[in-house]
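Please dock the two separately framed chains into a single complex, following the hints provided.
Spelled out, the chains give:
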Amino acid sequence: MSQSEESALRSHTSPTERANARLGLVLFMLYCAVYAGFVGICAFSLQTMERQFLGVNLAVVYGFGLIGFAFVLALSYTWLCKRDPEESGRQ
Amino acid sequence: MIPLIVFLIFVAAVLGLSFVLGSKAKSASGYFAAHGQVGWFVNGVAFAGDYLSAASFLGICGMIAFYGYDGFLYSIGYLAGWVVALLVIAEPIKRLGKYTFADALDSQFNSRGIKLAAAISTLVVSLFYLIPQMVGAGALIKPLLGLDHHWGVLIVGSVVTVIVVTAGMVSTTWVQFIKGSLLVIFCAMLTIAILARGFRVTMTEVPTTPVTAVDPKDVPTGGHVIAIAGLPPGVDSTGPLGPIAFLQRINDVTVLNWKKAGDTYTPEVREAKSLMLPGGSPTFKGIRSEKLSDRLDFISLMLALFAGTASLPHILIRYYTVKDAAAARRSTVVGIAAIGFFYVLTLYLGLGALTSGLLNPADSNMSAPLLARSFGELPFAIISAIAFTTVLGTVSGLILAATGAVAHDLMENVFSIKFSDTGKVRAAKVSAVFIGVAAMVLGVLFKDLNASFLVGWAFNIAGSANLPALVMLLFWKRTTKQGIAAAIAVGLVSSLGWVLLSADAFAKVYGLDPAAAPAPFSQPGLITIPLGFVVLVVVSLMTKPRSQ
Numbered sequence: 070m071s072q073s074e075e076s077a078l079r080s081h082t083s084p085t086e087r088a089n090a091r092l093g094l095v096l097f098m099l100y101c102a103v104y105a106g107f108v109g110i111c112a113f114s115l116q117t118m119e120r121q122f123l124g125v126n127l128a129v130v131y132g133f134g135l136i137g138f139a140f141v142l143a144l145s146y147t148w149l150c151k152r153d154p155e156e157s158g159r160q
Numbered sequence: 206m207i208p209l210i211v212f213l214i215f216v217a218a219v220l221g222l223s224f225v226l227g228s229k230a231k232s233a234s235g236y237f238a239a240h241g242q243v244g245w246f247v248n249g250v251a252f253a254g255d256y257l258s259a260a261s262f263l264g265i266c267g268m269i270a271f272y273g274y275d276g277f278l279y280s281i282g283y284l285a286g287w288v289v290a291l292l293v294i295a296e297p298i299k300r301l302g303k304y305t306f307a308d309a310l311d312s313q314f315n316s317r318g319i320k321l322a323a324a325i326s327t328l329v330v331s332l333f334y335l336i337p338q339m340v341g342a343g344a345l346i347k348p349l350l351g352l353d354h355h356w357g358v359l360i361v362g363s364v365v366t367v368i369v370v371t372a373g374m375v376s377t378t379w380v381q382f383i384k385g386s387l388l389v390i391f392c393a394m395l396t397i398a399i400l401a402r403g404f405r406v407t408m409t410e411v412p413t414t415p416v417t418a419v420d421p422k423d424v425p426t427g428g429h430v431i432a433i434a435g436l437p438p439g440v441d442s443t444g445p446l447g448p449i450a451f452l453q454r455i456n457d458v459t460v461l462n463w464k465k466a467g468d469t470y471t472p473e474v475r476e477a478k479s480l481m482l483p484g485g486s487p488t489f490k491g492i493r494s495e496k497l498s499d500r501l502d503f504i505s506l507m508l509a510l511f512a513g514t515a516s517l518p519h520i521l522i523r524y525y526t527v528k529d530a531a532a533a534r535r536s537t538v539v540g541i542a543a544i545g546f547f548y549v550l551t552l553y554l555g556l557g558a559l560t561s562g563l564l565n566p567a568d569s570n571m572s573a574p575l576l577a578r579s580f581g582e583l584p585f586a587i588i589s590a591i592a593f594t595t596v597l598g599t600v601s602g603l604i605l606a607a608t609g610a611v612a613h614d615l616m617e618n619v620f621s622i623k624f625s626d627t628g629k630v631r632a633a634k635v636s637a638v639f640i641g642v643a644a645m646v647l648g649v650l651f652k653d654l655n656a657s658f659l660v661g662w663a664f665n666i667a668g669s670a671n672l673p674a675l676v677m678l679l680f681w682k683r684t685t686k687q688g689i690a691a692a693i694a695v696g697l698v699s700s701l702g703w704v705l706l707s708a709d710a711f712a713k714v715y716g717l718d719p720a721a722a723p724a725p726f727s728q729p730g731l732i733t734i735p736l737g738f739v740v741l742v743v744v745s746l747m748t749k750p751r752s753q
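Chains as they are written, first to last, in the working numbering: chain A, 70 to 160; chain B, 206 to 753.
Chain B on its own, in the form it takes in the complex (with noise of 0.2 Å):
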């Protein structure tokens, strides 16, 4: 119930906030862009919120709890990628474009083929990223506040559209602002409280038999620690530990956890050390395997977490919400301050969950919220209320890069209809009201579906088809629009292909035999990243006029 209360109190924030800023996003240019007057603090900040999502927050903590370190390569890769977008991107996007990226991709040729492109594929990359949000809002609802999935569902798909129907760029900027803020400033104080606790041993009985639970109410906990190397007799805490030695006292660790097959859990004895390197995980286990090919979709996967950041439409559109240059400068190191201390976090609350004697081996989404409530039924509400939240503000993000490309770059430049500027805005809203109910129909249709990896499957789409037209456009004087639009094209259409024809959809999305799959590893990034710059250049070469 606690949950809940947190959880309505903040919608009732956002909501009110959102009506009351509704007044400033009545231009195209305050609906869609904040009229530039955002501050670089706020919108670092914001960058945060939209960014670190479901995924981030409870995907990384729950693979850390199961696996170990490979959670925390997500976290280097989702970092990694910010470098590209303050080094490279941020400076001339904000001086390129207006409203959508499609808007810098297109300001010096007026191409038609650019925008159709542009807007294909922010509506295909923000759809990869929106499932999985949908998702993931119907499987938390449950544990988190006890109703059922599709009003996980409707609730965020609800409350989101209605915040940016009000005030667009306006209110989700707040939004954002907002639950940035909150994730960071409670998960540093969770941190804080793990360190503070040290580890203790949770369980000196060890169980050797299986256990069937086929209620979830039966099934075992697990994350328990048994025995700590190095304590003299008669003691079984470590005691408050700092931020280094808390790293190094885990590799004294042994932990007990439940191994899930069907209904059956079986326990598994394992030292924390073992955990500590990278591999351990079913996504990452190619590191380990003597393949070339399992290695390569490994550097793949990383290639376009790297690549894939600074090419997202909902992040893209955060720097026109700013003034000038210096501001989309600033906001992009605000930014990397805040999401990379709340990666740098991730590895202790993934950690703290594996040794909290509280972990759910049924649900490694739950292993933060559980880690909190290992601290208290207050913590566990705040916590809970705060992973339901990460999801409006991804997803308000998302509805409103999705609504940009339809009303601004769709009907307007590429179908030529002829708006007012509240006419465009009134478009905008309608659009947006279309894409939150298509995202609710989605989020309930993909109910049964393991999403997560769609998120992963959304970066290659936007490393592949946006990343090699931004840099070159800004880097290369021979690019045409001819090479842009063809850049984008095939980068989506290759990897999209790709993903589709891979043997992580096989498994998962069609249930047919993975090794039947034609794609020799499942990440395309690595072939189609590539593809996308040559396909540019050569494009570029054919099309150039005679006269250069």
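The shape of chain A in the complex, shown without the other chains (with noise of 0.2 Å):
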């Protein structure tokens, strides 16, 4: 098989698959910019971390939110994602 050949076989895929692994894309962008903003607070600016939120400090609201955001984002992901046709046929 030769290689142009071989791309064209990686591109071909369906329309919904396209549209779900942009929407992933974008979504893991965002949570990789929430995950940057963290690990950089504790590493340039760990006096930020003692800041109060409600009698519990940041770094705890912090790490906190990123796994209750991960779970949203993973919730989000799924409700948007769209299915193939071949795939909801077979439900």
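Rather than coming from a laboratory, the hints here were simulated on the basis of the structure. Idealized CB from N, CA, C, for every residue including glycine. A couple of the hints might just be wrong.
Keeping only pairs whose Cα atoms sit at most 30 Å apart, straight-line, the calculated DSS-like set for lysine-lysine is [claimed, not checked]:
(1) 347(B) with 713(B)
(2) 478(B) with 490(B)
(3) 151(A) with 528(B)
(4) 151(A) with 682(B)
(5) 634(B) with 303(B)
(6) 464(B) with 652(B)
(7) 347(B) with 465(B)
(8) 652(B) with 422(B)
(9) 151(A) with 303(B)
Residues on chain A that point at chain B, a partial pick, calculated with CB under 7 Å [as the list claims (entries may be wrong)]:
(10) 132
(11) 136
(12) 152
Now the stretches of chain A that chain B is said to cover, found in silico as 3 or more residues with beta-carbon under 8 Å [claimed, not checked]:
(13) 92–102
(14) 118–129
(15) 141–148
Structure representation (structure tokens):
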């Protein structure tokens, strides 16, 4: 198989798959930014993590926030993802 | 004795299940992928059972109990990796692969180079992950069940080998499902008990002189609450607390612990508030360092945790056990829910252990079981047995992933050994026995090595070797087979070489002066993960056909 054929094969995904991949990448970038913010504050502005929110410091709030945000993103992605007609037909 | 009985009941149940399910794993599809018929919910919980290793359960709880917030950094990093798995990897890997992650990488190339590189990467990552699990099994069995180290290794190795040999992915899935369910449910119950107890003063006469203890029985117990600010006179307990109030009131607590130096234990009084910030442990002390390289080491580890999860072969193969991409997505969401919930609980479990009055300053891994003991012998028995079974679930997934790499990728695809369908299953079973025996030998050989840091290295190597190839295959049309093979090889060699030349390896593996280590910091991911991407792009551009 030539490499041009290989590339053609790889690009031969359905519009649904491409839309889902695009959505996944957008949400991934969003989470990346929030995660990078957490790591950056820890590494370069530790005193910021001492700030209190409702009697709990930012380190704990941000940490729980990251875990909760991951779950919210996961639910959103599943909710927003399109399904291939072929897959839907099998249900 | 009770932990042993609870553990034996669990082992008998999973072995019985394995033999019953054995008939469903006679074909290669059944053995390696459970025929792709596992339900998305079961698969999601099995993800948790596969992923939540002894390092997650005992290691994180112990780290929080000893050093405070730093253990929670692992919880955050380990969970974040699942976002990558869901949003980037899950759907395409299900669509492209069959039994192993090499299948997905090679799905459009039919390249021996890719299969070989991916198989070697799978074996190296699985090995780095396997050693600490086996050593952990040996280390746990003495305090939990009263048996010697090698018995822990032999019991886990034998049981897991039988599980994998009898019914491959079918039995492995159910073992991981049961283990994941038990772990999350009992940790939730333990957390409820911690909240219901609140904080109470457990010591009024605070020791000030060091204690020397040669015999483990003489080691003083730590984790004592000696003062709680804001309580009315004559009251020594906060009473039941809600989840938020617990985290607020921990700031009012003063605890007594013992600092270990050789056989001498020195009392150490600290306000718990000071433990609620990152950077207090030896692992993450770089956060508070003035040196940039120390901070980069922290960033590198957090990047490796983020990037490594979605590249772990034993996690990736679980995507082949469900029927379609939608099921892959849903099962990852269930996995994130179960794993995320568990990691939230780790903060309460760790802080509960910190204030339990039963902390063993000589062994942080015992913090969670001893926390359970503070509520009675039965909780201790159950948590101890669950702690031991966490090793079973993770090791079975690792051995299965390594088995697929040997029988499917190397023997059949690289060395072109022709198998019938049943012959391939037979080859896989024989491979599983050899890998199981190797795991047991390694578990005994590395007995004295503090091997928990190997898990961090496994994430670094997986992220460096596998993630660039996976991501670029999926999202960059110009990716060539040479680019993929080169990225895996360079990512693997560079990250492995880096960790072997790091200060951590010098200090913990070779017993040499860490200052003499040539690697500027210990965690390679910050350099070697981007390096994998760069190599893939450069090699792909150099090897693209003229027509492009």
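Here is what the structure says about each hint:
1. 347(B) with 713(B): holds, 23 Å
2. 478(B) with 490(B): Cα-Cα ~17 Å, so holds.
3. 151(A) with 528(B): holds, 17 Å
4. 151(A) with 682(B): holds, 22 Å
5. 634(B) with 303(B): With a Cα-Cα distance of about 18 Å, the restraint between residue 634(B) and residue 303(B) holds, given a limit of 30 Å.
6. 464(B) with 652(B): Holds, because 24 Å separates the two Cα atoms, which is no more than 30 Å.
7. 347(B) with 465(B): Distance ~20 Å between residue 347(B) and residue 465(B) Cα, so the pair holds.
8. 652(B) with 422(B): Roughly 22 Å separates the two Cα atoms, so the pair holds.
9. 151(A) with 303(B): holds, 23 Å
10. 132: holds, 5 Å
11. 136: holds, 5 Å
12. 152: holds, 6 Å
13. 92–102: Result for this restraint: holds, n = 5.
14. 118–129: holds (count 8)
15. 141–148: n = 5 at 8 Å, threshold three: holds.
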